[in-house]
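Residue numbers (full-length UniProt numbering), protein chains in the order written: chain R, 1 to 266; chain X, 1 to 544.
Simulated from the structure, these hints should not be mistaken for laboratory data.
Treat the hints loosely; a few may be bogus.
As the list claims (entries may be wrong) - Listed next, with one range per pair, are the computed distances between beta-carbon atoms:
{"hint": "1", "chain 1": "X", "residue 1": "Gly120", "chain 2": "R", "residue 2": "Asp120", "range": "39 to 47 Å"}
{"hint": "2", "chain 1": "X", "residue 1": "Ser381", "chain 2": "R", "residue 2": "Gly132", "range": "53 to 61 Å"}
{"hint": "3", "chain 1": "X", "residue 1": "Thr48", "chain 2": "R", "residue 2": "Val108", "range": "43 to 51 Å"}
{"hint": "4", "chain 1": "X", "residue 1": "Asp51", "chain 2": "R", "residue 2": "Ala98", "range": "24 to 32 Å"}
{"hint": "5", "chain 1": "X", "residue 1": "Ser381", "chain 2": "R", "residue 2": "Arg167", "range": "39 to 47 Å"}
Unchecked claim - Residues from chain R shown here face chain X by an in silico Cβ test under 8 Å; the list is partial:
{"hint": "6", "residue": "Val104"}
{"hint": "7", "residue": "Val108"}
{"hint": "8", "residue": "Ala151"}
{"hint": "9", "residue": "Val155"}
{"hint": "10", "residue": "Thr156"}
{"hint": "11", "residue": "Ser238"}
{"hint": "12", "residue": "Val254"}
{"hint": "13", "residue": "Thr259"}
All C-beta atoms, glycine included, are put in the ideal place defined by N, C-alpha and C.
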Amino acid sequence: MSAREEILARVREALGDDSQPVTQSVAPSGPQGRAEGAPVAPSGPQGRAEGAPVAPSGPRGRAEGAPVAPSGLQGAASPTAGAGERGYRTASGLDEDALVELLVDRLVDYKARVEVVGPDALAGAIRTRLEGKRFVVPEGLPSEWLDPSLAGVTVTDSREAPIGVERLDELDGVVTSSAVSIAETGTIILDGSPDQGRRAISLVPDHHVCVVPVETIVGIVPEGFARLDTTRPLTLISGPSATSDIELERVEGVHGPRTLDVIIVR
Amino acid sequence: MTTVNLGLPAVPPRGFGNISATEPFPKAAHRELGNAQLRANLGHATHTIRDKRLRVVSELPDWEALRDAGSAIKTDAMSRLPELLVQFEEQFTARGGTVHWARDAAEANAIVERLVRATGSQDVVKVKSMATQEIGLNEYLEERGISAFETDLAELIVQLGHDKPSHILVPAIHKNRTEIRDIFLQEMPDVDPELTDEPRRLAMAARAHLRKKFLSAKVAISGANFGIAETGTLGVVESEGNGRMCLTLPETLITVMGIEKVLPRAQDLEVFMQLLPRSSTGERMNPYTSLWTGATSGDGPQNVHVVLLDNGRTRALADRHGRSALHCIRCSACMNVCPVYERTGGHAYGSTYPGPIGAILSPLLTGVEAEENSSLPYASSLCGACFDACPVKINIPEILVYLRGEDVEAKHGRGRAAGEAGGASDLKGNGRRRSLPTQMDVALGAASWALSSGDRLGLLEKGLPVARALAGRDGKISRLPGLAAGWTQSRDVPAPPSESFRSWWKKRATGGAPGEGDGARRGGAPGGGAAPGEGDGARRGGAE
Ligand code: SF4
């Protein structure tokens, strides 16, 4: 018997007829699937470039007849009763002002530097952040985000023409957009879309300038995951790299970028 | 590979690797207790994380509902494990990954070695992972000429210090900054000899030390916090960015994942990504989480493998009473609240999995009759703090008690019968070797004899004044013989009262107290008029 067959056989044997354990203290209650009142997943396009999978078109887009968000993309696949019961919050109900305020508060808590700007001020804000530095941008970053004066210090990266790791290491910074941000936890999520680029570019350079379009901000974790396609390479960022391994004293910046600049555009 | 195929064994085989204590818990604990430095470090660390955790948990109005959901998802996942594993395999494979299955530690190590060799590389970078720790992968590879570099700061400290991790979240929790500096000075080539013990400087030394490795590594090895059956997605939750480095830059990525880590749906992440960071580091969210699904063309490793590991998990799964230990998401909340862990530290448990969860998981993986792990279920005060803290509501105390029962069965079941039949005996007629009864067996046997009849108990109580005479002038017994000696080594036993409750009750009842029928009413005012004389605790405590 192959290891695969044998392990599967062992698991089946172990479960026998009684798939319910004796020691089980849970009696979940609550509605099946997402709360009806869940807010409709993202409103508009996020100023993304080409082909980025904008929710709600298909976060977990594999099911053919997947229902449209927000009805619960996973609901369709929901198996036996008992597993899908979710009594926790699936929507925060916060308005845009509250979302921005909460996200800023959380980011500052992580020692990220945050700024809220209007669309017209974005290019200026990015330029200020990268004054005197050489940096990389993903191919799909909207060109109007970059001040023409930066042309000489900008390197463009793409999946088709990736920049080598050693070269990335010599650069000082990176500018990317982001797919979703979760206010309550201060989490920014990159999903590898053309305006966010390969994972390596937001990792190796020491300074990450990350743009958060206001319409990509949600309140809580379930709202955030509902907008994502999990099969894309996802990076969840909550503040710059940090360690607490030495006497639990938090030290920011170990291996990932040591400086995280977040520019919220609204 | 270690299994001969003679059909399926009734009980799945035990797990191997670093899940067996090298010495009994009491012995190891006793030694570790003598380490004041360790105790101070641990006390500080566990209390700090504990407080942070409580703060961020209390922020969430739906914490209990999340725990319920987490527990329900895990229960469901375990009950459908065969189907979910197959689905995971299909999805991971469909997206360009390769799935391997390993029956035990030896098989998993061999698979990883083969995969590394196929790349032609002699070096691998590693993301901190409990599964690879469990199977002893680093040591295995080292012996075969492959260097595995731990890249998590704490794991690096442990590795450079030729030490063992003592906590699943902060493995170097037992080391203070001075010790860490000394390790770095001694073990890191090119380290600045002026290195101070300031945490920031130490962290930057580690950054410099590992940077070249990250940028040149061809192969990385990781564990996984989750595997999503619906999509074939793997996830790693971390803080420092070393995980991202390993998961993104090399060409080959090998992930070792216990089969119990599989979750049915992508949506389940919304539950665990709330439960895990808050329970483990006490943060609203950990700094970095990476999720990948097979290989993504042009982005990240193109040669992506996962090794699905049994190593005793099916054995634990077969145990209906212990099965839920497999729900563990390795957050470490239980060890941070455990009074036993706080004093002994993680090394005393011997296993990769220390603390309360280790005390049940290790014996479940190896079988409690495995001699090395049989003392682990006793490494608890059964205070219940671990159950309260556990984000997936594993009833650790209940499983501990159950495993103690199993252990007694396995070891002394027959011995006790022999004891009752008249003391020590060895080989009985049935040809099975009977073990000598332990003191515990004798004590339990005596207790059951005494408690089985009121007369016997009454007779025994007459002996109370004798026990009282054993006590010192302070009313405490500080030394007891035999089994109880271990107990009295570190604490005193109050002397028994000079009169038993039963005897006092009898006297009181015959002394004109109301009849037996209204016990409830009398019970309401125990210290009232006819208060007993010498039996009174307050007086006893201060009179001598
Ligand atoms: S048993 Fe529960 S509290 Fe302990 S590490 Fe596992 S999940 Fe966390």
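Going through the hints against the structure:
1. Taking 39 to 47 Å as the suggested C-beta distance range, the pair Gly120 of chain X and Asp120 of chain R does not conform, at roughly 53 Å.
2. A hinted range of 53 to 61 Å for the beta carbons of Ser381 of chain X and Gly132 of chain R is consistent with their spacing of about 59 Å.
3. Judged by the Cβ atoms, the range 43 to 51 Å given for Thr48 of chain X and Val108 of chain R is violated: they are separated by roughly 22 Å.
4. One distance hint, 24 to 32 Å for the beta-carbon pair Asp51 of chain X and Ala98 of chain R, holds here, with the actual separation near 28 Å.
5. At about 57 Å, the beta-carbon gap between Ser381 of chain X and Arg167 of chain R misses the expected band of 39 to 47 Å.
6. Because the smallest distance between the Cβ of Val104 of chain R and any Cβ of chain X comes to about 14 Å, over 8 Å, the interface hint for this residue is violated.
7. This hint is violated: Val108 of chain R has a C-beta 13 Å from the nearest C-beta of chain X, more than the 8 Å allowed.
8. The interface hint given for Ala151 of chain R is violated, since its Cβ lies 25 Å from the closest Cβ of chain X, which is over the 8 Å cut-off.
9. Contact between Val155 of chain R and chain X, as hinted, is not supported at the beta carbon level, the nearest pair being about 17 Å apart and thus beyond 8 Å.
10. Interface hint status for Thr156 of chain R: violated, as the beta-carbon distance to the closest one in chain X is roughly 14 Å, over 8 Å.
11. With a cut of 8 Å, the hint placing Ser238 of chain R at the interface with chain X holds, because the nearest CB-to-CB distance is about 4 Å.
12. At a threshold of 8 Å, the smallest CB-CB gap from Val254 of chain R to chain X is about 4 Å, leaving the interface hint in force.
13. Contact between Thr259 of chain R and chain X, as hinted, is not supported at the beta carbon level, the nearest pair being about 13 Å apart and thus beyond 8 Å.
Consistency with the previously given hints fails for numbers 1, 3, 5, 6, 7, 8, 9, 10 and 13, ordered from lowest to highest.
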